[in-house]
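Novice: Sequence:
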Amino acid sequence: MASLSGEVGGIRMESPVMLAAGILGTTGASLRRAALAGAGAVVTKSVGVAPREGHRGPTVVQVEGGLLNAMGLPNPSYRNFQEEIDIGRGGGAPVVASIFGAGAEEFVEVATGLDADGFELNLSCPHAERLGAEIGCEACNVEAITRAVKEEVNVPVWVKLTPNVADVVGLGLAAERGGADGVVAINTLRAMAIDVESGMPILGNRFGGLSGPAIKPVAVRCVYDLASALEIPVIGVGGIASWEDAAEMMMAGARGVQVGTALGMVEGYGVFRSIAAGLSAYLDRKGIGMEELVGLARRAR
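Per our numbering: the sequence shown = residues 582 to 882.
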C-alpha cells in the first residue's frame, strides 16, 4: 500500500487526514479517540483567554447540504485546557491547539500558555463578535497576529482563513509574510436558516456558519487559488467525507486535509481510516505518490 506519511505544515504525520477544529476536540478523551481511530493529527476546539459560554441555543441545525452552527466559541480558557491536550497526546498523533483572541496580545498569551505540537490561529470563525473573521478579514491583522505568535513559540503555526472575503489569497499571503508554517482553508460560510411557521431565525444567534458537502466546491477553489500563490503548505477543509473528496482537495494543492462535519453525518470515527485507505489504494492503482497527487489539477492546465 502506498505510504501516506510525511510532513504537513511542519508537523510529521503518519496520515494527512486530520480531525478539524470544533468537532470532537473539546475533551482529551475525544481527541485521543480520533487519534486512535487513524487521524494523522487532531486539532482541538478553539480556546481563548477567558471562559466563554457561547451563544444561546439552538446552536446547531442540519440543513440541506450540511450543518449550520453558531456555537460562539464556548471554551474553558487555556488555563483549564492543558490537561485535555495531554490526554489527547495519548492517542499517538500530534495535537494542534486551535486558539483565538481579540488581538495579537491575546493570541500570544494563549499560545505561550499552552504546550501543544502546533497552533492553528482561528482568524475565521464567522459568528463571534470582535473575534475570528471580524479581525481575520483584514490582511494587516492576519500578518501582525501571525508574526506575534511565531516570535513567541517554537512549534509550527497554521492560520485558518475565512472564505467570507473577496480575496482569500490576500489573507494567505499575509499569513505567509507573518511567518506561518501553513494555512488552513476554509472555515464555514456565513449563513442562516429561518423557520417558515414562526418566521423566526432557527439559530439562537440568528446566523452561523455552514459546513459539509455544500461548501466543498468553495473550499476546493480556495485551496486551488492559495496553493497557486503561496510557497507555504495549504491544508484543505470543507465538505470532505470520502477519499474522493480528499483526493480532489489534494489535486487542488492541499498537502493535508481535515475532516469535521462528516464525523457526525457519515460514519463517525471510521472516516479517518476509510479516507486514508481509499487514498492509498488510489495511489497504488494510478502508480503515483503523494507528491505527484498534490497540485495535479494545477499542473494539468
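To be clear, the hints were calculated from the coordinates, so they are not data collected in a lab.
Incorrect hints may appear among the rest.
Estimated spans, in silico, between C-beta atoms of each pair [said to hold, decoys possible]:
| hint | residue 1 | residue 2 | range |
| --- | --- | --- | --- |
| 1 | Asp667 | Glu778 | 46 to 54 Å |
| 2 | Ser658 | Tyr863 | 37 to 45 Å |
| 3 | Ser658 | Glu778 | 17 to 25 Å |
This structure is a prediction, so every number in the text was calculated from the model and none was measured.
No residue lacks a Cβ here, since even glycine has one placed at the ideal position from N, Cα and C.
Novice: Go through the numbered hints given earlier and state which of them the structure violates, listing their numbers in rising order.
Specialist: The structure breaks only hint 3.
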